[in-house]
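**Student:** Next come the chains, spelled out residue by residue.
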Amino acid sequence: MNRFWSIVRRDLRLALRQGMDSLMAVMFFVIAVVLFPLGVGPEPNILARIAAGVIWVAALLASMLSLERLFETDFEDGSLELLLLMPLPLEAVVMAKVTAHWLTTGLPLIVAAPLLAVLMNMDGDGFSVLVLALILGTPSLSLVGAVGAALILGSGRGGMLLSLLVLPLFIPVLIFGVSAVDAAISGFPVRAQLLILGAFLLAALPLCPWTSAAALRQALE
Amino acid sequence: MNRFWSIVRRDLRLALRQGMDSLMAVMFFVIAVVLFPLGVGPEPNILARIAAGVIWVAALLASMLSLERLFETDFEDGSLELLLLMPLPLEAVVMAKVTAHWLTTGLPLIVAAPLLAVLMNMDGDGFSVLVLALILGTPSLSLVGAVGAALILGSGRGGMLLSLLVLPLFIPVLIFGVSAVDAAISGFPVRAQLLILGAFLLAALPLCPWTSAAALRQALE
Amino acid sequence: MALFSGDDLLCIRGERVVFAALHFAVDAGGALLLTGANGSGKSSLLRLMAGLLAPANGRIAWDGEDTGEDPERHKARMHYVGHLDPIKPVLTVAENLRFWAVLKTGNGAAAGGALEAFGIAHLAGVPGRYLSAGQKRRLNLARLETSPAALWLLDEPTAGLDAEAVAGLRNAIARQRSVGGMVVLSTHAEMALDGAEVLDLGDFSAATQMTPAAEETP
Amino acid sequence: MALFSGDDLLCIRGERVVFAALHFAVDAGGALLLTGANGSGKSSLLRLMAGLLAPANGRIAWDGEDTGEDPERHKARMHYVGHLDPIKPVLTVAENLRFWAVLKTGNGAAAGGALEAFGIAHLAGVPGRYLSAGQKRRLNLARLETSPAALWLLDEPTAGLDAEAVAGLRNAIARQRSVGGMVVLSTHAEMALDGAEVLDLGDFSAATQMTPAAEETP
Amino acid sequence: MIQKFANPARFIRLSQALLPWMAGLTLAFAAVGLYLGLVVAPADYQQGESVRIMYIHVPAAWMALFCYTAMAIAAAVGLIWKHPLADLAAKSTAPIGAAFTFLALFTGAMWGKPMWGTWWVWDARLTSMLVLFFLYLGYIALVNAFDNPARGIKASSILVLVGFVNVPIIKFSVEWWNTLHQPASVLKIGGPSIHPSMLWPLLLMALAFTTYYLWVLLLRLRGEIIANKIRVLRLRRVHGQA
Ligand code: HEM
Ligand SMILES: Nc1ncnc2c1ncn2[C@@H]1O[C@H](COP(=O)(O)OP(=O)(O)OP(=O)(O)O)[C@@H](O)[C@H]1O
Ligand SMILES: Nc1ncnc2c1ncn2[C@@H]1O[C@H](COP(=O)(O)OP(=O)(O)OP(=O)(O)O)[C@@H](O)[C@H]1O
Ligand SMILES: [Mg+2]
Ligand SMILES: [Mg+2]
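Protein chains in written order, with my numbering: chain H, 1 to 221; chain G, 1 to 221; chain Z, 1 to 218; chain P, 1 to 218; chain Y, 1 to 242.
Simulated from the structure, these hints should not be mistaken for lab results. In this text, all values refer to a predicted model and were calculated from it rather than measured experimentally. Even glycine gets a Cβ: it sits at the ideal position worked out from N, Cα and C. Misleading hints may appear alongside valid ones.
[Stated by the list, open to error] Below, a sample of chain H positions facing chain Y; criterion: calculated Cβ distance under 10 Å:
| hint | residue |
| --- | --- |
| 1 | Val8 |
| 2 | Gly148 |
| 3 | Leu167 |
In isolation and in its complexed conformation, chain H is listed as follows (with noise of 0.2 Å):
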């Protein structure tokens, strides 16, 4: 446990003093929403019937974004191998990562989402349920990201291909994740969509470090 936490302490602090890492992914999510008032154009009651999607679709991108380098710069400088000479399981180190990750970037997207839905004129009786379920989405896309950015290692790709790889994979999250906020707004019940991100997230929580960590073997024969 000790070398678990001082993997996730030492991202943390590779995140906070690399200037404003964490927040990038913030920006970029908000920066991608704003684009839309500007590109539909900005009659209120297409925006608020937009919103929840456009919020979700951007939080998808930007997890996306923020995993391309989730093993990059460690398979770079030679750290992931030695990593894997290390004491500990793969599978550990891998969920430390993601652990860190999730708190650099999926957090501060929960905390900025609401001020977004205001700005698409969303109804407000979908901003705790947005919430709700982006706590419980977003750890999802962090770990099935992890499975594509330990896949991409080497390929000197990037962004381009893991997008390729993953986007369709997050497609249920973002399916379940708009449909409990309008479920919200139109005054249905949520617990069943709330209820199935969580099974979603249950499911990803053994599977997801194990198969990246696999895939991480491959990347360093």
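Assemble the complex: chain H is given as a structure, and chains G, Z, P and Y with the ligands must be docked to it using the hints.
**Tutor:** This is chains G, Z, P and Y with the ligands only, laid out in the frame that chain H set:
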């Protein structure tokens, strides 16, 4: 000129040999657009209403992402500092790399755009203007993006930082690009918007390579 | 019987046989020097020994037991120094070293003395990005001193080091061997280590040997 | 008067003075060997000479004229080999070399012979990704033979090379000097070059000199 | 048994014998199927002649799903038993599957224009088919992304398994999403009961598509094996080992 084309040829060859590098930007473009119906819902009239905006925003994001590696691999393996030491102006090197980049990503994007317009249920009157606006707009995106790509070199941040620098600069292209399409659909003249897009391009053509070159010199200090 | 040994090893990289039918054996307190021309497979052999690569054929054993069987134990008794220096530019020298020490041993107490041993104690507070090529190498080598390990695997450890640092490394290796540790290292420079066995990878290159495995890989 | 010279050079990197009040001079056919401990500033000096870094003080001159005044001309008369090997994994060895030759001279005719000189002619059709560390270095050095240049700047050119390749490099340097070319190189290994001047960077390190710049940088 | 077929040389010989059969069967099934479908079968009273698109569209859609399953199985075999031929089979299937998926999408769109008055609607089945197409593209991109072909195959084998777990989840979520927003009434397709005069050509075309898949798969596998051999020989020569 011989030197200029030899860089263009090399970059094209790299893109083609590296599997489907040039196709990847298009694929991201397509997937990003497809996420919107999934997020916003399938009603055809809503989709048609936001189609031009969504397509342009996705084109912005796709250019931005593909620009991330414009100089990076050359920076990392020492090619860039050697290019700086070759007997041709660094501005010409930048122009050559931007040309190759646009041929491998901007062009395929333009070809794919009408297809996405169909998926998004866009009114048929907008198609030809969408393509025209993209032809004028995407080279500007590549040029402006090159400045951002040069600025982020060595920061180890990649896409995240680039998007912050570059997306705000893309906004004028977005606004006039969308408004040209919207005008065409509503039956208004589109000359003014297209002229403005052309003017951006003419301004970016000398300014951006010069600025990028300055940024590259900084990065290599 | 030798403590650390490899039997009939076959290494395939990039769809090509790098070396075949290679044997090695190191005893407690022993040293093995890997030599050979560029591309002969020194780095590849060290990665096999570390468990980063799996041999296409043959086995690597510790005390008679296959190292692949209990990789966690093999990891715990080994220090590996590769071509790359795993140093974060934004962490200070001391923080960089401490991180690896904690991961290896569970606590990072010994980090200070290790910097001393490689002459970079005065850089302890300097961020990694300000280090020159040789200073990075020294910091990477300092990991060796943070915790005892029975086996050291060093890939061209002297690359980029100045004479003083090479002497420091030679001392460290002598200390390691005097307490019964083993050292395997690759080098192009002449490195006089008393009683070290030399393994020339050129002797096992596939040029001289045609194995069936090479023909069957699709 | 020396053909290539530096006067009273001050180099600041990472907000720290690396060396100060450094002078150097190389004549036609001459060689300058940069030595010094890790971090003493060998690479930094070579980058200054190439024009990749600007000196914080002092000037570098060619035939009495400041090299910064006409950088294009300075670039045309120089070959620089840095720490990194600019080799694309998907291009073949021949394509990699030809690209740089075309950029340097406008056409790439001489590429074949250059591979010969560094013993990698048989690798001409191999993609860069299959090369080992030393093979990459040889390919990088082969650029030197694709076109004549009055000045060679080599940063630890022997790193990772085996004995045969080092001999090839020494020959190339001798040829270059025999036609009146100059060579500046940094190295940790002993490299016997007849009549080479040695510049020990340790003599100019800021440890012995306290400049105001060092104190004022925050 | 597995070892027997793992030997590429033996596989080359075996496939040599199988190839003419596959080609012949494909042509025969397709000829009869097309004749029955385009000439003998009646036009639909509602859809008119455009119903004949079905004889391409439906088998293509079936094969799209079949190929992904085959890829997942081959990938699992390749990862678990390190079977080189299985790895190559997964790699060789991907472009064929992607082509079938594209064909299903394309013929579907061609059909949709006369039937629904639009090329595309965001219906659950259509959408999940589009996502499947992306999964294929992702696989192909990853397989080709690496300098080292072996690494590309291993990484993409993991990807296809992850994707395979996700396909049912995606399908289910898309269906849920779709029914939430829009009634399915517009998209009611035909009916479950189908007249034998239409069933026969459909089945024959499905058989033709299957044998076509096997035919092309064999061709591609042979190509891959030979390309690998050439690469190995060239490398060996180049490194002075021949
Ligand atoms: C791009 C648009 C379309 C796509 C992606 C698509 C996709 C599919 C798929 C995946 C299947 C196989 C489903 C299964 O066997 O479980 C299928 C079957 C079928 N499709 Fe389409 N389709 C499209 C358009 C159409 C249109 C416009 C029609 C006609 C109105 C149509 C009629 C059929 C029929 C009759 C079947 C067989 C139904 C069955 O086996 O139960 N499709 N399609
Ligand atoms: N990642 C890789 N993928 C494929 N082939 C590789 C890889 N790394 C090295 N090789 C090949 O394996 C062979 C052995 O390489 P290795 O790095 O082990 O040599 P080496 O003896 O360490 O050489 P050097 O002295 O140049 O460091 C080389 O011929 C090289 O082409
Ligand atoms: N990019 C950089 N930014 C800031 N400082 C740097 C940078 N690179 C090197 N330095 C610092 O400049 C000093 C000189 O570094 P340089 O790389 O020139 O040394 P060197 O003599 O080449 O050493 P080595 O033998 O280890 O290669 C070092 O103390 C180092 O800390
Ligand atoms: Mg090596
Ligand atoms: Mg140096």
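**Student:** State for each hint whether it applies.
**Tutor:** Hint check results:
no., hint, verdict
1, Val8, "violated, 25 Å"
2, Gly148, "holds, 8 Å"
3, Leu167, "holds, 8 Å"
Checked against the numbered hints above, the structure breaks only hint 1 and satisfies the rest.
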